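S.K.: My request is simple: use the sequences and hints to build the entire structure.
The UniProt record's numbering puts the last residue of the sequence shown at 587; the count rises by one with no breaks.
To be clear, the hints were calculated from the coordinates, so they are not data collected in a lab.
Being a predicted model, the structure only gives us computed values, none of them experimental.
Note that beta-carbon positions come from the ideal geometry of N, C-alpha and C, so glycine has one too.
Please note: incorrect hints may appear among the correct ones.
[Stated by the list, open to error] Ranges between beta-carbon positions, derived for each pair:
id, residue 1, residue 2, range
1, 305, 512, 46 to 52 Å
2, 433, 248, 26 to 32 Å
3, 399, 437, 49 to 55 Å
4, 586, 419, 26 to 32 Å
5, 369, 275, 43 to 49 Å
6, 254, 512, 36 to 42 Å
7, 45, 146, 26 to 32 Å
8, 360, 256, 17 to 23 Å
9, 398, 468, 49 to 55 Å
10, 433, 398, 43 to 49 Å
11, 275, 577, 43 to 49 Å
12, 274, 254, 47 to 53 Å
13, 24, 193, 46 to 52 Å
[Claimed, not checked] PhoX-like, lysine-lysine: derived pairs with alpha carbons at most 25 Å apart:
id, residue 1, residue 2
14, 559, 359
15, 272, 253
16, 498, 574
17, 462, 498
18, 559, 451
19, 506, 401
20, 243, 215
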Amino acid sequence: MRIWRSVVGKLWMTILLLVSFVLFILTILLLEFFQNYHVEEVEESLRYEAQKSASILEEHEDLEMSIQIVAEILDDPVHSVVEMNDDIIFYSDELSYSDTMQSISSSQSMDRVYENGTVVQDEFPSGDDFDNRYNNIMVVGAPITNDEGETAGAVYVYQSLEAIQQTTEQTTRLIILAAAIAIILTTIFAFFLSTRITAPLRKMREGAFEVARGKFDTKVPILSNDEIGELATAFNQMGRQLKHHLDALSQEKEQLSSVLSSMADGVITFNKDSTVLVSNPPAERFLQNWYNEQEGYTKLALPPTLESLITRVMQTNEEQVGELEVNGRSYAAIISPLYSGESVRGAVAVLRDMTEERKLETLRKDFIANVSHELRTPISMLQGYSEAIIDDIPQSDEERKDIARVIYDESLRMGRLVNELLDLARMEAGHIVLNKEEVPVNEFSTRVLSKFELGLNDEDIKMSYQTTLDDHTAIHIDPDRIEQVLTNLLDNAIRHTKADGSITIKTQKDQHYIRFDVIDNGVGIPEDDLPFIFERFYKADKARTRGRAGTGLGLAIVKNLIEAHKGKIKAESKVDEGTVFSFYLPY
1 MRIWRSVVGK LWMTILLLVS FVLFILTILL LEFFQNYHVE EVEESLRYEA QKSASILEEH
61 EDLEMSIQIV AEILDDPVHS VVEMNDDIIF YSDELSYSDT MQSISSSQSM DRVYENGTVV
121 QDEFPSGDDF DNRYNNIMVV GAPITNDEGE TAGAVYVYQS LEAIQQTTEQ TTRLIILAAA
181 IAIILTTIFA FFLSTRITAP LRKMREGAFE VARGKFDTKV PILSNDEIGE LATAFNQMGR
241 QLKHHLDALS QEKEQLSSVL SSMADGVITF NKDSTVLVSN PPAERFLQNW YNEQEGYTKL
301 ALPPTLESLI TRVMQTNEEQ VGELEVNGRS YAAIISPLYS GESVRGAVAV LRDMTEERKL
361 ETLRKDFIAN VSHELRTPIS MLQGYSEAII DDIPQSDEER KDIARVIYDE SLRMGRLVNE
421 LLDLARMEAG HIVLNKEEVP VNEFSTRVLS KFELGLNDED IKMSYQTTLD DHTAIHIDPD
481 RIEQVLTNLL DNAIRHTKAD GSITIKTQKD QHYIRFDVID NGVGIPEDDL PFIFERFYKA
541 DKARTRGRAG TGLGLAIVKN LIEAHKGKIK AESKVDEGTV FSFYLPY
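M.R.: Pasting the structure below:
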């Protein structure tokens, strides 16, 4: 059944039906034409024979001779009957005389000849008793007139139409044979023509299926220069253009995906029912954090604040801005509507993690407060002691010297604070310059430690150096910067270690690093303070320090210097047991 639905089958059936219809109409017309033509010819011939026979019988007085002449000139299949004064005097077909005359007399031909005196013809079917040689008969009668011009008799000439029927049947058989041959030839021609037409179409159909499968470089052969060839050319051009446009769309999609993936802000696209359609990695982390933050089995897909913003966008068709907090992090959300024509089809949300900004804002405020706090004390002391000198409050030179010493110490403290702030700012801005060189670890550590030992002659703190390194072990560092690190750590240890305490510098190899440990048995640092000791201006309980207090910037500077050397630093401490500062430098 597949062939009837194909183009070949449809063309073949169309051409075949058209040819069959034309041949059918032509057969009917030809048969009608041949039948009418032969009947008219027989009629004319019989009319001529009847008139000629009547003329012979009228012109000759000898009736027997006239009848003999008539019998001689009429040949088969033409037969004749001569009637004179209502009596049959001659008939040419002896075998069928009674049947013939019965058929003739059953018609009105004889009466019409006598009444009208003209030639008449009749065509009538034979009766049941008529000779089987005849199917029907055509009779033509001509009157015989006497000398007075009156009708004295008639000549009837008749002929069977069986020959005409045989001719018609033969013609029909020839036409049917010709029609069969024409149908066969038409079928061959139709299949040949349709194959020539449909072969390129099948190629294009196969190519279209290949394109539908994603093979956009598929080409169909151009087999002709007609409309089908132009269609094949257009198909190939369509494939190239489609591949070009899809490549462009794919490239734009990849670019958009790359842009979304590389964005620091989270981007989420929603449809009208707040279902997530598209999201980038920061947005996925946001949603995962929100999901993990919830407890129980009925977890919400979106934070209520975000869902409320999306609902307002859908209702008002206007951009909405809000803030929300998820898993301890602050986010600023900007929700904008997405349009499809005139209607809103969804919304896009941009989520910006504001945690660091909020933290930096807090740090900025704390920094200003801490700097103000740190500067207020020395400035107040400078102002107070300066006013005392101006007001001549000190009476002796010794009192004046004490006041001047306090002013000097506070000015040094202010200068130290400003310098440390400048150093820390340069380090955090990445403007620190390291002058690295190969430095022997043991010699360097001993030299730094000896500077503190000489400055602690009036103290009972014991200082020592321990190492598992040989004297040839060297490290590539900036010696001044690392000496500044050790100095800050040792200074902190001295200020937080009681009398009769001990401070130890210990060095050893730790995988790809040289590890420096500054160990003291001082007052220690509370566990809650350990995560914050490397922040600017952070100080533990001032009651644990002895001697002058620091600025709170030393450990922040230490951390920046270690990180500038691609190293790392950590601290371990227990209250009233001591503290260990460990830093690692690449070896």
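S.K.: Name the hints, by number, that the structure is in violation of.
M.R.: 2, 8, 11, 12, 13, 19
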